[in-house]
Amino acid sequence: MEPKLSPAVIQTAQAHEGPIETDAVIIGAGPVGLFQVFELGLLEIKAHVIDSLAYPGGQPIELYPDKPIYDIPAIPVCTGKELTDALLKQIEPFGATFHLGQTVTAVQKQDDGRFYVETSKGTRFLTKTIFIAAGVGAFEPRTLKVDGLDKYEGSQLFYRVKNPADFAGKNLVIVGGGDSALDWTLNFTNEGPNKAESVILVHRRDGFKAAPASVAKMKELCDAYEMQFMVGQITAIEEKDGKLTGVKVTGGDGVTRVVPLDTLLVFFGLSPKLGPIADWGLDIERKQLVVDTEKFSTNVPGIFAVGDINTYPGKKKLILSGFHECALAAFGAAPIIFPDKGKIHLQYTTTSPKLHKVLGVETPVFD
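Heads up: the sequence shown runs through residues 1 to 367, numbered per the numbering used here.
Derived from the structure by calculation, the hints contain no laboratory data.
Everything hinted at is true.
Keeping only pairs whose Cα atoms sit at most 25 Å apart, straight-line, the calculated SDA-like set for lysine to any residue is:
hint, residue 1, residue 2
1, 354, 93
2, 67, 53
3, 248, 221
4, 121, 279
5, 67, 136
6, 343, 297
7, 357, 332
8, 209, 79
9, 109, 128
10, 248, 197
11, 121, 141
12, 145, 259
13, 341, 293
14, 67, 142
15, 195, 225
16, 315, 297
With the hints as extra help, turn the sequences into a complete structure.
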């Protein structure tokens, strides 16, 4: 679900001759990448942000824009979209420039200590620091391996739901046993604007990894003949006149049944891939970047890693942990960006006139 963003919130990069010279490049525009903009901004460091998606928000926007998040400090509950919108509003004073729909393909250390960065669209940078906030890397859906199925991806085969309205009134077969499969099964079965004509859920076994309440609701709907659940695996497809008309489901009893459909939705989860990051000379442990806990630097001075992409003793993959890491990474980067400033002192947004000026707010006067 692509967030609605005004030009005031996001500055899109303009055409530029030669490399863009900057103090900081942030790779990843998820919640942690966006908050890294804020922490750098407080230190008067302007950032350029690169993301492979066409919009900011990262995993929460791509995977669960409408699902509630309960563990953001001081916010009892918010959706992924609400969190993204709030972070974009928070970083608005700092004028970060976004380079969306492109991935970083090259990172090379230069003789002057800066880094040359290039993207898949040919955008080039010379930057003093890099902050990798790429989640667990690029997400790729785990696909359903059935002969002849691939050619229907994007027309009748989908691994993600971006616009639920596209599936309203359709005969759907949904495959999977996790939260995404059950959530969308319930979404398309329940009364509402997105209600499908029919829904059949297929899973290889009768056990699920989804929330028990969702499983219970699904079984209630089956008992009420609102939908069907089949135990089995898709082993083949049926086609006619260049269209996918059905799938063959082989059950645990060895019997293969033909299930007609308009659309096939597959939710086998996402497989994280580091991609080009694996070739940048960084210490990697189980597809994660090893960092220290003083400033969240990688083994390459000037390259920091925050959020789910990093690992260290006691690491917890939580958005709030990533926010903490952003603050220390910004202070760790400041001496590299401002080598002549000396020690960078911590200031508080509550009381600091300097930070109030940076944020564009008035300093309160207390009697």
